[in-house]
Amino acid sequence: MVQVNLWAGLRRFTDGHDVIEVEARNIGDILKGVSKAYPALKEIIDGGVSVSVDGRIISSGVTEPVNQDSEVFLLQQLKGG
Amino acid sequence: MALDDQNKSNFKFVGTRPKRPDGIDKVTGRAKFGADSYAAGMLHGAIVRSPHAHARIKSIDTSEAEALKGVKAVVTRADFSKDIKFTSGKDSEDWNVLENVMADDRVLYDGHALAAIAATSALIARDAVKLVKVEYEILPHVTDVDEAMAVGAPVIRKGAPDKSVPPGLHENVVSYYESGHGDVEVGFQEADLIIENSFKTEATHQGYIEPHACLASLGSDGKGELWCTTQGHFKFQKVCAALLGLETSQLRVTASEIGGGFGGKTTVFIEPVALALSRKTNRPVKIVMSRTEVFRATGPTASTSMDIKIGMKKDGTITAGQGTFRLQGGAFPGAPGGMTAMCAFAPYALKNVHQIGYSVMSNRPKQAAYRAPGSPMAAFAVESVIDALCKKLDLDPIEVRLKNASRKGTKASYGPTFEEIGLVECLEAAKSHSHYKAPLKAGQGRGISCGFWFNFGGETAVSLALSEDGTVQISVGTPDIGGSRASIALMAAEELGIPYDHIRCTVADTATLGYNEVSHGSRVTYATGLATIKAARDAIRKLCKRAAEKWGIPEEAVKWEDGHAIPSGPNAGDFEPLSLKSITEKMGKTGGPIVGHFEATPEGAGVSFATHIVDAEVDPETGKTQILRYTVIQDAGKAIHPSYVEGQFQGGAAQGIGWALNEEYIYGSDGRLQNAGFLDYRIPLASDLPMIDTVIVEVPNPGHPYGVRGVGETSICPPLAAIANAVSQAAGVRLTELPMSPPRILAALKAE
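Protein chains in written order, with this note's numbering: chain E, 1 to 81; chain U, 1 to 752.
For reference, chain U alone in the conformation it holds in the complex (with noise of 0.2 Å):
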């Protein structure tokens, strides 16, 4: 689509701060989040799933559990479509999809499901889930990402690495990539010092408060329902509908509201389970995931292992860096090592850079986005091993940052050059900030770090109806992940002239527009936005329209402005202004309803960079690490809504505390998760949390109307990487493995 050359700079309701929508909602109970659908004659599912981390199914008997009184349905791989066929490479989305949904005749990771119930109730139906009896032949396997990629590593599915893949590597390797430029032998050999190092991190999970839930019905016509917590209700439809044989338009999805996603709700796990069980007892079947399922069988970030080597003159100058990254994604094609390669140097211009990564499989469940995925586990190491560097050289990390900052025109380290971006102001906005000049106390350390991320833009689909009233109603197909309807709102207000308060947003289910991506990539804000500034100026286009009939003056000579329609000049005529509510009471006799509407793929989302500082204290005698104090600068483009840029730059920096400190997957000798709760997978609690500030940078992005980027994902990239900076000052020693607990820091410190 053409860039909107009508940016905008003066506003009067952009940049406000007026109270969420679904506020009341929320804090009264009367949202209604994934597991408030209720059906009459629902019945409850439950999902049978392996304890081994890989063994070959050898038989499956559900005889005593059907027996079972008020088990009314089993289902296993049989049930689901016979059309979807594995290839190799990336053609095989759907079928990787279903396997992962319910295991075929081999079970991949601990945690896979194999079959699933449908019973009068959630207990019975739980307790048929024990009944199944399975046979299983053990196989080897491997969980972590460096015996995953060695000789003789058992390989988690032949034929699955897509062309990328150079020969040679270990089958599962399923993707590579490499890029850079100029030389960096050379670049290596102009440094004044060169630091090589390696660094390790556990996969994490999104640790979303709701967990998976859902309420399907589908007939045996083929038509059905399916209400849902999900970031993308639209893709929700179109790989149910494949992977039931269904066709797509037949199913309608409804998003419900989401108690927190962050990448972790872009894909289908129970879903099509809830359909096929609908389907079979003719139905409403309703499943709700325990908080051990949600962490044995939902998507985690990707582990991974990587080797970094930067080169510096004494001056601060970058001379080469050069990275290779391996990412674990489990049992499934999709670790974002390209990505995770792409990321790692972008915040610096550099005459020499290569970067590999790779995509890894292994015995675990299905990696998913966290955020930025990938881009914070490369901060982490590439910023580690500046700050080493800066140390080193007795240089200020924030001038060394700046003097190597990428900037537009800079060449950027995945290739194209940069077009507008903010990182400069963002260096700037920390080394003048109060912060960054505090004084610390022995024991204590403060880390720098840089992030980056690419943000998305994608399909996007918006109508905006207007009431008899004046008030506006305006359908999205984004599900509101972070705040985007307050957000909608403004824009719209801005545009149309008229209060925040006379317009709701809703997400709207699958029959009532056309496809949205997945609200992810934060995308929401920026596109979804775009589209409903572009609807916005459809509807103004109509309301001029019926004021040029009214008037007997040509369309183009009535303009909008503050909420009315009024001539564009003098020569126009003189007539007085036609407010909102004026032409839309009347609109029924003057051409019918009026509707503004707009449908396009935006492709200018604007990349985005990120500065955070943290100060932390290391207790030698424990290893426990008290963060002190966290400042987040970020580039927001334009901030529509404060408060909500600012709540993304907070929840960015406190998951990225818990990642950094004490979150992680720990698998036994076994290949079975060992930590699948609350209690022993540890995220941060409020005792644990500074107050963090924040800072909003807004260097606008062109191709926005109002110079948005998104927000929700840069704020993860650089905190791994700041906290690992501050806890190596504060402990004395260098900490190359996340997460950086009690016990490592101990081990860190016994090992100096």
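Bound conformation, chain E alone (with noise of 0.2 Å):
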């Protein structure tokens, strides 16, 4: 199971949690895991949201690959100028 923590304004979808297990093996997994554990979250997942995987950001790529002990959080997703 992967650790993954949310950012805060999130809690209100997860009954206070801020940390959810998944199963997964890469960011798709993680994203449907996370969207399963809370229908609420789909909408916002769906909308666009980064993810950073042992301190790196993967801005959109769903087949990288996450370890059980990886460090994840989830993140606003990312635009620049």
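The calculated SDA-like cross-link candidates involving lysine to any residue, where the alpha carbons are at most 25 Å apart (straight line), are:
#1 U/K163 with E/R11
#2 U/K238 with E/E43
#3 U/K411 with E/R56
#4 U/K163 with E/E43
#5 U/K411 with E/D54
#6 U/K238 with E/G47
#7 U/K624 with U/R682
#8 U/K408 with E/V19
To be clear, the hints were calculated from the coordinates, so they are not data collected in a lab.
Take the two lone chains and join them into the complex the hints point to.
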């Protein structure tokens, strides 16, 4: 199981939890797992998020791998100028 | 994608400063910018714009305009796709773009487009605009971010907020972000001094010299061509196709040379309109925005209102940081409230931190990125409070920042643990720089600030074709907004082992390559550079295979070194090295053309930091500020072409000086923009700027084969704060609102 850290603004959709455990081998699994565990988050995730894995920020690639002990954070979708 | 493990450190070409390949074209006028495209039978387009901040369109009468000799067509919202529907939240991006390009039943800001005309000359088109009769019902408007969030403010669009917004907030708040760790209340209790203050910044325009311009040709068969100035022609292709109801691949888009973008040319404005006019007239249509239109209707930055509270111990340890960031993004969702909050405290390793970001709509043009969206404003607020704490506690501002600096292994304020980063190296370089030790005179002040930006990867495709004469053509899909063609050619030269001058890098059209993300997020030298290195390695594999076949040995027994295929070791056999040219000149007979490719989404952009030092002098009689000395220190990871890295550093500082001291959108009580021109919107002149010194710090990014980090955006993160700190010291009063224009400084002095 991979522990996924959420930003605090999402806690109201997860009964106050800021860490969710999901079965995942890659980013796509994480996003699906979080949406499945808390369907209220699906709209926000589908709207676009970034994910950091062990400090590296993944902007869009759902095939990027994660390890079971990876540090994972959901982040706001990044855009630049 | 997997990260490359072939990191390189001994460079032959990378790090040198050859002339830019587009230099001669640009100084001789041969370069073709957005307005330089022409076509036989071309018409000229002009756009009818709202004079009101908020109004219902009761009727549009175009009969008189259409009767004008030379007018060929008028388009309104009815001429765009009917399939794009409004939905709440983030699903309605195409609808928002369309609504901004051409209003439906309401105009939402001064300058909002509501109709367009094609005529045989630009003059006739502009005359016809004046003949369009629009009946409006004026509606209440709001342009200030705090007022837009307040009870009773007019709602810009019902149903616009996304799901992140908690109940109870005004409907103009369309997105909400909150994050942090630790317990800030505990942290504040541990502090010896707490300072809390509020800050505001006005919207500023990117101020690119080249206005938006395009030439469009679209037939009734749904096939089209578009030439335009853009930071991302693949995105323009996709969005224009959606707005016109076309198949994406039937619209070919070619990017012109670009006269500046800075984030403001990442979105469409006039291009779908020119296509719609072309489809209706069956003639090519050109539209060139006036400077007034650029100010009124294209993206300035968000304006902000921010509250900051920071606690510090007497030894300089920051015990807690808390920030609330309210960003006004115009009449559409998208203001970077979340990213502003994420960047705010990122330079510091804080046990207790909490940040909230609001994205707010108002009756202004849709905001666009300006280099690093949101980060400069956040730094202005946070670094001003840190400066005030240092002053009160009599602490050295660089020592305090070093004491609290984020480094590898720090838990970032926005959550994750940092990989290799270069903030400490930037601060150490600042501390030892002669600028920091130089004496100041009475009435002068010195400001320090750190800045942070994420950087970005994104979809990238590169093709690298070898010619028979041993030269190389690289096709990239990222418009060159900062000298990237030179950097890309240098990286290819490094891999292939051939001279820089033997390589031509071209920004290819949308029919030539796979999708390329916009040139934004400081991504081009990182992502397109990475793709070029990989494409060159792909070509080298093919070159080595040809050599292996010639020598009759296995492919694995051949390696590439200094521009030649050679046997990989004594057991591979004794063969004369084969140069690139000796292989390519026979490639037609030995297997055909040799082309290297790379298509992927690089995901290792690597964040970056900067530290700026500024000296300023304030005239207490007039309130005028003169910037006396400026030094930019920034981590580039690896500077591919140091001159262009330095140029990005200097450009960020120069734009930051304008943003800090003079630039602002000024709205009247009627919601109309009062200063839509360079006479009244004052960007810095050469005489306003000092020489801007630069120091390139190189802490390699582990996500790039050469260690590259993006440099284009981080350079604008520290200036607002560094200048505010210098001006506040020089004036003897804390400035909390931008721009720090002479009237505002005089008012602050008087209030003291």
